[in-house]
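Chain residues, written in single-letter form:
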Amino acid sequence: MDEYIVLIVSCIFVNNILLAQFLGNCPFFGTSKKMETAVGMSMAVIFVLVLAGVITWVVYNFMLVPLNLTYLRTIAFILVIASLVQFVEMFLKKSIPALYAGLGIFLPLITTNCAVFGACVINIDKEYSFMKALVASFSFAVGFGLALILFAGLRERILLARVPGPLQDTSIALVAAGIISLTFFAFRGMV
Amino acid sequence: MFEAILAMLGLGAACGSILGIASRVFYVYEDPRIAEVESLLSGANCGGCGYTGCSAAAAAAVSGSAPPSVCVVAGFETAMEVGQLLGVDVGSAEPRLSFNECDGGHRAADKYYYIGVNSCKALTAMYGGKRECSIGCLGQGDCVKACSFDAIHMGPDGYPVVDGNKCVGCGACETACPKDILHVQTTSDRLLHFNRDIDALSPCAQTCPAEIDIARYITQIREGDYEGAVQTIRERNPLLLTCGRVCPHPCESYCRRGIEEDPVSINQLKRFVADLEMNSGRRYPIKCAPNTGKRIAVIGGGPAGLSCAFFLRRLGHDVTIFEMMPKLGGMVRYGIPEYRLPKETLQWEIDGILNLGIECITNVKLGEDFDIQSLADARFDAIFLGVGAWKDYSLRVDGEDLKGCFTGIDFLSRFATHQQGDGGTDIPIGRRCAVIGGGNTAIDCVRTLIRLGAEEVSIIYRRTRNEMPANEVEIVAAEEEGVKFAFLAAPVQVIGDENGHVKQLEYLKMELGEPDASGRRRPVPIEGSETLVDIDMLVTAIGQGPDVSFRDKEKDLEALNITRWNTIDADNEETLQSSIPYIFSAGDAFTGASLVIEAIGGGRRAARSIHQYLSGDEIKPVDHSLYKRHIPESLFEQVDGLQNSERAKMPELPVAERIKTFEEVDLVLSEETARKESKRCLNCCRLCYNQDAA
Ligand SMILES: Cc1cc2nc3c(=O)[nH]c(=O)nc-3n(C[C@H](O)[C@H](O)[C@H](O)COP(=O)(O)OP(=O)(O)OC[C@H]3O[C@@H](n4cnc5c(N)ncnc54)[C@H](O)[C@@H]3O)c2cc1C
Ligand code: SF4
Chain A
1 MDEYIVLIVS CIFVNNILLA QFLGNCPFFG TSKKMETAVG MSMAVIFVLV LAGVITWVVY
61 NFMLVPLNLT YLRTIAFILV IASLVQFVEM FLKKSIPALY AGLGIFLPLI TTNCAVFGAC
121 VINIDKEYSF MKALVASFSF AVGFGLALIL FAGLRERILL ARVPGPLQDT SIALVAAGII
181 SLTFFAFRGM V
Chain B
1 MFEAILAMLG LGAACGSILG IASRVFYVYE DPRIAEVESL LSGANCGGCG YTGCSAAAAA
61 AVSGSAPPSV CVVAGFETAM EVGQLLGVDV GSAEPRLSFN ECDGGHRAAD KYYYIGVNSC
121 KALTAMYGGK RECSIGCLGQ GDCVKACSFD AIHMGPDGYP VVDGNKCVGC GACETACPKD
181 ILHVQTTSDR LLHFNRDIDA LSPCAQTCPA EIDIARYITQ IREGDYEGAV QTIRERNPLL
241 LTCGRVCPHP CESYCRRGIE EDPVSINQLK RFVADLEMNS GRRYPIKCAP NTGKRIAVIG
301 GGPAGLSCAF FLRRLGHDVT IFEMMPKLGG MVRYGIPEYR LPKETLQWEI DGILNLGIEC
361 ITNVKLGEDF DIQSLADARF DAIFLGVGAW KDYSLRVDGE DLKGCFTGID FLSRFATHQQ
421 GDGGTDIPIG RRCAVIGGGN TAIDCVRTLI RLGAEEVSII YRRTRNEMPA NEVEIVAAEE
481 EGVKFAFLAA PVQVIGDENG HVKQLEYLKM ELGEPDASGR RRPVPIEGSE TLVDIDMLVT
541 AIGQGPDVSF RDKEKDLEAL NITRWNTIDA DNEETLQSSI PYIFSAGDAF TGASLVIEAI
601 GGGRRAARSI HQYLSGDEIK PVDHSLYKRH IPESLFEQVD GLQNSERAKM PELPVAERIK
661 TFEEVDLVLS EETARKESKR CLNCCRLCYN QDAA
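These protein sequence lines are chains A and B, in that order.
Take this note's numbering: the final residue in the first sequence is number 191, and no numbers are missing along the way.
Take this note's numbering: the final residue in the second sequence is number 694, and no numbers are missing along the way.
Since the hints were derived computationally from the structure, they do not count as laboratory data.
You may find that some hints are simply not true.
What the hints assert, rightly or not - Looking from chain A toward chain B, a few residues come up when the C-beta cut is under 8 Å (computed):
id: 1; residue: L67
id: 2; residue: F91
id: 3; residue: R155
Unchecked claim - DSSO-like, lysine-lysine: derived pairs with alpha carbons at most 27 Å apart:
id: 4; chain 1: B; residue 1: K166; chain 2: B; residue 2: K294
id: 5; chain 1: B; residue 1: K145; chain 2: A; residue 2: K34
id: 6; chain 1: A; residue 1: K34; chain 2: B; residue 2: K121
id: 7; chain 1: B; residue 1: K391; chain 2: B; residue 2: K294
id: 8; chain 1: B; residue 1: K503; chain 2: B; residue 2: K484
id: 9; chain 1: B; residue 1: K145; chain 2: B; residue 2: K343
id: 10; chain 1: A; residue 1: K34; chain 2: B; residue 2: K660
id: 11; chain 1: B; residue 1: K649; chain 2: B; residue 2: K391
id: 12; chain 1: B; residue 1: K294; chain 2: A; residue 2: K33
id: 13; chain 1: B; residue 1: K294; chain 2: B; residue 2: K343
id: 14; chain 1: A; residue 1: K33; chain 2: B; residue 2: K327
id: 15; chain 1: B; residue 1: K166; chain 2: B; residue 2: K145
id: 16; chain 1: B; residue 1: K649; chain 2: B; residue 2: K660
id: 17; chain 1: B; residue 1: K484; chain 2: B; residue 2: K403
id: 18; chain 1: B; residue 1: K660; chain 2: A; residue 2: K33
id: 19; chain 1: B; residue 1: K391; chain 2: B; residue 2: K403
What the hints assert, rightly or not - Residues of chain B clear of chain A, computed beta-carbon distances all greater than 10 Å:
id: 20; residue: S119
id: 21; residue: H183
id: 22; residue: S253
id: 23; residue: N355
id: 24; residue: K365
id: 25; residue: D371
id: 26; residue: T417
id: 27; residue: Q419
id: 28; residue: P651
Yeah, the Cβ is synthetic: ideal placement off N, Cα and C, and Gly gets one too.
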C-alpha cells in the first residue's frame with residue numbers, strides 16, 4: 001500500500017509531468033488562458049492518459065517484448081495512442097454525447113500530446129507492473145491537471161498586474177511557469 | 001527487420017480494423033455535406049468565425065445557422081463555392097454585424113481611480129470595473145485589439161464605434177468584451193430580442209410595450225439620419241404612421257426629462273420621421289431573412305396580426321392573413337375615425353407590410369368561411385389568432401334594443417365601412433345624441449357624431465372625468481368641440497315612443513364611495529335622483545370583449561382554453577402559446593381591449609414563439625426578462641443639471657374648421673421643430689444621461 005502512496009505522490013508532485021519533466025508544454029501555454037478551457041483540457045487528459053497508459057503497457061508487454069521488438073516502442077505507441085483517441089472520440093460521440101460536447105475540441109488535440117506519450121514511456125522505463133502503470137498514468141494526469149489549473153488561475157491574476165510591454169502575455173507566462181517549476185523542485189525531498 | 005515490418009503491419013491492421021468496426025458500431029448520422037463544406041474551408045481552425053474550429057463552422061453552415069461566408073479567412077470565392085454546395089444564395093444569407101449597445105462612455109461617472117493595465121478584462125476583475133454603471137463600456141478597447149479587420153475604433157466619447165462596412169461579423173469583439181456590450185447579430189437576432197434587465201436601456205424604452213429603442217431613434221433624428229430612425233422603429237413596430245398618430249405614449253410618462261419638466265414629445269418625433277418617409281415618395285428598404293419554407297396562418301388583420309405577420313415574414317417565413325372585413329387594419333381602420341388617422345395613410349402603411357410578400361385573403365371569417373381544420377389541411381405549420389375584441393358589452397337595461405339605439409363598435413365600424421365605400425347603408429343620425437361610456441370608443445363616437453351634424457352630443461359616464469379611461473388629449477379635444485359631459489350618471493332605462501323609437505333616457509345620479517379593486521372609487525347611486533333626458537339617438541360604448549363564437553363551431557377547438565373574460569388563455573403571457581400548441585395569440589384577443597402598441601408588442605412576442613416552435617426549439621420566455629417591469633436603478637427621483645427647455649407644441653386644425661369635416665385634426669411637426677425637440681432628449685441609459693442636452 002505504502003508503495004502506491006509514494007507512487008501517487010511522486011507522480012503528481014515530485015515528477016510532475018509538466019513542471020518537473022517539462023512534457024506537454026504546448027497545451028500548458030495554449031489552454032491556460034482561461035480557467036474554463038483549462039478544466040476541460042485537464043479532464044480530457046485524465047480520461048485519455050489512463051486509457052493510453054493501460055493499453056500501451058499491454059501492447060509493450062504482450063506484443064513487443066515476446067517478439068523482441070522493443071526498439072519499435074516509439075512508433076508503435078504513437079500509432080496506438082492516435083487510434084485510441086480516434087476510437088474514444090467515436091465512442092463518446094455515440095454513447096455519451098454530453099461528455100463529447102464537453103470535451104469538445106480537446107480530444108483531438110491530445111492525439112499529438114507529448115505528455116500522454118511521455119507518461120506511457122515512463123511506465124515502461126520504470127518497469128511498472130500493470131496495476132502500477134494504471135495508478136501512475138492516473139496520477140500523472142492528475143498532476144497535469146493540477147499544474148494546468150493552478151497556472152490558469154495564476155494567468156487570470158497576472159492580467160491585473162502591471163506587466164512591462166515586452167514581457168506581456170506568453171513571455172510573462174514562461175517566466176511564471178519557470179518560477180512555479182522551481183517551487184515544485186521543493187517536493188524533491190519528499191520521496 | 002522482416003519481423004519488425006510484419007509486426008508494425010499487424011499492429012496497423014489491428015488498429016485500422018478496430019477503428020473501421022468502431023466507425024460502423026458507433027456510427028452517428030452526420031450530414032455528408034458537413035464534410036464537404038469543411039474541405040472547402042481554410043482548415044486553419046482559428047476560431048475567427050466564432051465556432052470551435054472548422055468542422056463546427058461547417059456544421060453551422062449546413063444547418064443554416066451560419067451563412068456560407070462563415071469562414072473569415074477563406075474569402076469570397078470559398079463562400080460562393082459553399083453557397084453553391086448548399087444551394088443558398090450567398091448574397092441573400094443574413095450577414096452578421098457587430099452592434100454596440102452602450103453609448104454612455106465618458107459620461108458615466110467613475111467609482112474609483114484606476115492605474116492598472118489597459119485591458120477591460122483586467123479592469124472587470126476589480127469590482128466589475130471602475131464605472132458606476134454595472135453594465136456599461138469600460139473604454140479600454142479590448143474589442144479594438146481583438147478585431148483583425150480594423151472595423152472597430154474607440155470613439156471620441158469613450159465607447160467603441162463599429163464601422164459597418166469593414167465588420168465581417170466574426171464575433172471576436174463580442175468574445176473579447178467582458179461586459180457583454182458588443183453583440184454580433186443578424187437582423188433576425190435583433191428582431192427576436194426582447195428587453196432584459198441586463199441591457200443598456202433608457203427608462204422610456206423599458207416602458208414602451210413594443211420595446212422600441214427610443215433613445216436610439218431620437219439620436220438618429222438629432223443627427224439627421226431619418227432613414228436610420230425609421231429602421232430603428234421598424235425593428236420593433238411596423239405601424240409607425242399609425243402609432244405616431246394614435247398612441248397614448250406610455251413612454252412619455254417615464255421620460256427622465258419629465259421628472260423635472262415637460263417630457264420629450266417622443267410620439268411626435270416618431271410621427272415626424274414616419275410622415276417624412278411617406279411624403280418622400282420612396283419606401284425605405286426592409287431586410288428579410290432567406291426563406292425558410294414554413295407557412296403560418298394569421299387570423300385577423302389588426303395591429304396584432306399585422307405585427308406578427310410582419311416579423312414572421314422578416315424572419316423568412318411565409319405568411320397568409322385571413323381577415324373577415326373587406327380591408328386590413330382591424331380596429332385601427334374600423335374603430336379609430338378618419339379625422340384621427342386618415343385611411344389613405346393607414347393603407348400606405350399596410351401596403352408596405354404586404355409588399356414584403358405577405359398574402360392576404362379578406363372577407364373570410366373564422367368559424368363561418370373557414371375553420372382551424374381547413375388551415376391544417378392546407379398545411380399551415382402554425383396559427384396566430386389575433387381576432388381582437390369586437391363584441392360590445394350590453395348595458396342590460398330595459399329598452400336598449402329600441403330603434404335609434406346602437407352599440408359603439410357596431411356604430412363606428414358600420415359607419416367606417418360605409419364611409420370607405422365598402423357597402424352597408426347610411427346610419428340615420430339623430431339631433432340629440434347621447435353616448436354612454438368613458439373610454440376611447442365613447443369619445444370617438446361623440447366626435448364622429450358631431451362631425452356628422454348632430455346638434456347636441458353628450459357623454460354619460462358613471463364616474464368622474466378623472467376616472468375616464470380615454471386618452472387625455474381625446475377628452476380635451478371632445479370638450480373643445482362642444483361635447484357635453486354628464487358625470488356620475490348611471491342609465492337605468494331607455495324609454496321609447498309609440499313607434500318603438502328611442503325618446504328618453506333615464507339615469508340615476510351617483511356619488512363616489514370606497515375604492516374598488518382597480519383603485520378607482522366606486523360610484524354608488526343616490527336614491528330618488530332619477531333624471532330624464534330627451535334624446536333621439538343612443539350609443540352605448542361601455543367596453544368590448546373578444547368574439548370567440550368560432551370556438552363553438554369546431555369540435556377540435558374545445559381544447560382551446562379561454563378565460564372568464566372570453567380572452568384566449570395562454571400558459572405564459574410571455575410565450576403567448578395557447579392550450580393548443582400550434583395556436584398562438586396576442587393583441588386585444590389575448591389582453592382584452594387595450595392599445596395598438598400593446599397589440600404590436602404582443603404580435604412580435606408571438607412571432608418569436610412561433611419562430612421557436614417552427615425551429616423545433618423549446619418555447620420559453622426571455623431570460624432576464626423585463627416584461628412589464630422597470631430596472632429599479634434607472635428610475636430617478638430627481639434629475640440634476642438639466643437646462644430648462646420648452647416641449648414642442650403639436651400643431652392642430654382650429655376647432656371651428658375641424659368639426660365640419662373628417663379632415664385630420666393633429667398635424668405633423670416641422671423639421672426644424674422636430675430637430676429642436678430631439679435635442680431635448682437626454683439620450684438616457686440605465687444610470688447616465690446627457691447632462692448638457694438643450
Ligand atoms: C374606437 C376605438 C378607439 C381606439 N383608440 C385607440 C387609440 O387612440 N390608441 C390606441 O393605442 N388604441 C386605441 N384603441 C385600441 C386599439 O384599436 C386596439 O387595441 C387594437 O386595434 C388591437 O389590435 P388587435 O389586432 O388585437 O385587434 P383588432 O384591431 O380588433 O383586429 C382584429 C382583426 O381580426 C378580425 N377578425 C375578428 N374576428 C375574426 C374572425 N372570426 N375571422 C377572421 N377575422 C376576424 C377583425 O376584422 C380585425 O381586423 C381604440 C379602440 C377602439 C375600439
Ligand atoms: S430624455 Fe430621451 S432617452 Fe431619456 S427618457 Fe426621455 S425620451 Fe427617453
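Cross-check of the supplied hints:
no., hint, result
1, L67, "holds, 6 Å"
2, F91, "holds, 6 Å"
3, R155, "violated, 11 Å"
4, B:K166 / B:K294, "violated, 33 Å"
5, B:K145 / A:K34, "holds, 18 Å"
6, A:K34 / B:K121, "holds, 12 Å"
7, B:K391 / B:K294, "violated, 33 Å"
8, B:K503 / B:K484, "holds, 19 Å"
9, B:K145 / B:K343, "violated, 53 Å"
10, A:K34 / B:K660, "violated, 73 Å"
11, B:K649 / B:K391, "violated, 37 Å"
12, B:K294 / A:K33, "violated, 44 Å"
13, B:K294 / B:K343, "violated, 32 Å"
14, A:K33 / B:K327, "violated, 61 Å"
15, B:K166 / B:K145, "holds, 15 Å"
16, B:K649 / B:K660, "holds, 24 Å"
17, B:K484 / B:K403, "holds, 23 Å"
18, B:K660 / A:K33, "violated, 75 Å"
19, B:K391 / B:K403, "holds, 20 Å"
20, S119, "violated, 6 Å"
21, H183, "holds, 21 Å"
22, S253, "holds, 44 Å"
23, N355, "holds, 43 Å"
24, K365, "holds, 49 Å"
25, D371, "holds, 43 Å"
26, T417, "holds, 59 Å"
27, Q419, "holds, 62 Å"
28, P651, "holds, 58 Å"
Of the hints listed earlier, those the structure fails to meet are numbers 3, 4, 7, 9, 10, 11, 12, 13, 14, 18 and 20, in rising order.
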